[in-house]
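Whenever a hint applies, use it, and build me the whole structure from the sequences.
Numbering-wise, the sequence shown is residues -16 to -1, 1 to 434 according to mature numbering (1 follows the signal peptide of the UniProt record, and there is no 0).
Hints were generated in silico from the structure; no laboratory data involved. Just so you know, even glycine gets a beta-carbon here, dropped at the ideal spot from N, CA and C. It is possible that some hints are incorrect.
To be verified - Label-pair restraints from in silico Cβ distances:
hint	residue 1	residue 2	range
1	Val312	Lys221	20 to 28 Å
2	Thr202	Asn430	40 to 48 Å
3	Ser104	Leu322	19 to 27 Å
4	Glu175	Tyr210	37 to 45 Å
As the list claims (entries may be wrong) - With a straight-line cut-off of 30 Å between C-alpha atoms, the simulated BS3-like cross-links for lysine-lysine are:
hint	residue 1	residue 2
5	Lys367	Lys106
6	Lys171	Lys367
7	Lys242	Lys183
8	Lys183	Lys171
9	Lys242	Lys171
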Amino acid sequence: MGACLALCSLASCASCLCGSAPCLLCGCCCCSSNNSTITRLVFSFFLLLGTLVSVIMILPGMETELRKIPGFCQGGSAIPGFENQVNCDVIVGYKSVYRMCFAMTCFFFLFAAIMIRVRSSKDPRAPIQNGFWFFKFLILIGITVGAFFIPDGTFPTVWFYFGVVGSFIFILIQLILLIDFAHSWNKAWVENAEDGDNKCWFAGLLSFTLLHYALAFTAVVLFYVYYTQPDDCTEHKVFISLNLILCIIISIVSILPKIQEAQPQSGLLQASLISLYTMYVTWSAMTNNPNRNCNPSLLSIVSNINTTEPSGDGTQGQVQWWDAQSIVGLLIFLFCTLYASIRSSSNTQVNKLMQTEEGRGSGGEGVVGEDGKLRAMDDEEEKVSYSYSVFHFHLCLASLYIMMTLTNWYQGHLTAPETVWVKMSSSWLGLGLYLWTLVAPLIFPNRDFN
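Right under this line is the structure:
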């Protein structure tokens, strides 16, 4: 019911969003911003709404409550003459999340294909990107309804592997956004300290840097204590030790004199944040290890209660997403998605990777239309401030990542061991990307990385 109310609320708001310069959520203060920022925020809102519906569908007890409705679920109590009963195994649980995220993935992939090579808002396809929100909402609803008619068959298995690949790429995108955020954070605070001659900004940078390193080091200690055994869990020992060494390496490289000379904005704040994120990915990977001796649940660690007993049919019982690493993953996803919608970066390398323009993410003043209402400013008449196709592809991958996070990377009721290696390899590749942002100016001195 909550999902339906949320969808209806969006529908009523979306009805006023049919123009090419929409006001987010029917006349909010975002109307004074740039058109490009508002568009990204609304599409991100679509993604977050789909995530909310998926969360509701996978809540414990949802299927039990649906079966209480007479004549609704197949195999339940029936109303005479009511024959079109619903398979409640499909509309709740991990199968419903797969179908909801399948619909969102198709929706964003459709727009990624339509918006290829749009250069400015003068392109005939630009109004489709920046307006007609009510019709876009109807398209998303239509695809979602159709997704629930997909027969089970091999769909969950095949779509699971699509989710694995998409999530792998999205984890890398998250790391790129975190690198960008750390660079922007460091630059802003250093400039504030130098311009205002206020040492409190330097103290703040130092405090957050130490906090990030302290949390990362604490995580390493806890990993060794709870996720390794003296005579077992060799893989975990290798993962933890290797990532610890790599984090130390990037920290040292970030403050080398030659690196500082070529990249004045590099520093320990960025390295500490990347190190902390790397430890999160390491933890997330270890929680997918099917060896329960090396993968205790957080509840069992805190309360010494064994929550990993298999069910009577040999499976591990109902899929649960509300463990700690999934919740942390959702919070990081939320931050990165919103940041990608409003970011205004000065980091050239990150802008090239994300296909965005420098300093054009937000900050417009808005214009007054002929009707006297404040409208969003069209900041893309000469050139788009971000690649429409890349942005939609990013949301497409985010949909797959949400699917895997909510189902805790489960294939049916069984943990896929290969997901451990998917996450670990993404952490290594992500560290390599960050290291590249540091050493690229030294390797290619003739290129402009300022």
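Now for the hints, and whether the structure bears them out:
no., hint, in the structure
1, Val312 x Lys221: 20 to 28 Å, "holds (23 Å)"
2, Thr202 x Asn430: 40 to 48 Å, "holds (43 Å)"
3, Ser104 x Leu322: 19 to 27 Å, "holds (25 Å)"
4, Glu175 x Tyr210: 37 to 45 Å, "holds (42 Å)"
5, Lys367 x Lys106, "holds (9 Å)"
6, Lys171 x Lys367, "holds (26 Å)"
7, Lys242 x Lys183, "holds (26 Å)"
8, Lys183 x Lys171, "holds (15 Å)"
9, Lys242 x Lys171, "holds (19 Å)"
Violation of the numbered hints given earlier is absent; every hint is satisfied by the structure.
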